[in-house]
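Using the sequences plus the hints, can you model the full thing?
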Amino acid sequence: MMTIVYAVVLLGGLGLIFGAVLSFASKKFHVEVDERVEQVRACVAGANCGACGYPGCDGFAQAVVDGKAPINGCSPAGAKGAREIGKIMGQEAEVSEKLVARVLCQGEKGIAKDRYLYDGYKSCASAAGLAGGPKDCRFACIGLGDCQDKCAFDAITMKNGIAVIDPDKCTSCGACVKACPRSVIKLMPLSQKVIVRCRNSDVARVAKASCMDACIGCGRCKKTCQHDAIVVENGYARILPEKCTGCGECAAVCPCNCITVE
Amino acid sequence: MNEIVNILLFMVSCILTNNFIFSRFLGCCPFLGVSNKVGTSVSMGLAVTFVMTIASFFCYMIYHWLLVPLGITFMNTIAFILVIAALVQFVEMFLKKSSPTLYSALGIYLPLITTNCAVLGVATLNVNSGYNMLYSVLNGTFSALGFTLAIVLMAGVRERLENADIPACMKGFPITLVSAGLMAVAFMGFSGLV
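Each protein sequence line maps, in turn, to chains A and B.
Here our numbering is used: the first residue of the first sequence is 1, the next is one more, and so on.
Here our numbering is used: the first residue of the second sequence is 1, the next is one more, and so on.
Bear in mind the hints are in silico, worked out from the structure with no lab data behind them.
Only true hints are included.
Below, in silico cross-link-like pairs of lysine-lysine (BS3-like), each with a Cα-Cα straight-line distance of 27 Å or less:
1. A:Lys27 - B:Lys97
2. A:Lys68 - B:Lys97
3. A:Lys68 - B:Lys37
4. A:Lys150 - B:Lys37
5. B:Lys171 - A:Lys150
As structure tokens, this is what we get:
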């Protein structure tokens, strides 16, 4: 019986003593923290995604208060976050246009040809390292979800062998862009509704043989476009967002279905 | 004179032969987690050395002066955890005040020293091996220096690996584990030295 009493008293006593010492030490070693750091920290997205280039959201908040980071440096927090941070810091936020990550590939199962059946570790990076990847097209989305793993906002789902990004959830932090071993994902302005969903730069014959929806660089979209908003470079078409009006005529004439209109 | 020789032998044994990471497999989490840069790993090693030395000292006192007389030595693990947790907290406050650079360099790993099994391991080993106070403290210091040696060597290896041409599937963590294994094999060469 006494053993239990001793144990309880001893451990309780030790705990009390340590607690007293620590609370004394926390007063003694108290460090003044600029209260704006806390306030800025509350305005950012808080996913520690690292898109700003600082070590986590705490590092970014500190850098903003120190004047090293721009107040609109947190792309996930967007224009709203930048305005709030601007209020704390007493600056006007320059609002940049909202971007969104887009997957530039439509090579679903059955549309893009498989080169071999990959049955290894479920990571695009390792699949891409094995004989150039399981899909015949060397520009295609591999579809094993490296971007999905990196997305801190749950915006990416894998459908039928390719990644699909929900523009409403995407905060354009760019984590998926870095994660993709094929550079299939690009950040584009949200206002751009017409997108060429392919970046295969092989010659038309090879491109068409590897994927039914491959851009062959024929240029019909360019001829159709009345606003000069399409360029064909490196064997595939690209839309210039500043000129595109979103009419969608190019999508109608594309023989390969690689232009989508939202 | 004899005592000095004994202590020197004890030092070699703690640092090389019974290296905490490579032969006792204690403290592997920070060993893999903080060994990216030599600078950071040195500071991590020094922080661990500091905590382990003081922890050995306090744990010895708590064990031999409180737990043994009261006959409740079975409470040693929980008492040691209490001591270590309080110490780490104290070190964290102290570093935050005195060296913010070191504090931010150690980052999340400083509070993680609390759960670093090497610290609890050294306290338990001291008790089980029946060391006196001097040897307990020496064991804490030297073992932690062995830990520092291992983590700094590992950081050096990993800095080289950054520039090495490694197959894509082996990049990052896999090659780190392979290097750690090879280093452990190398350290096996020290067995039988003391």
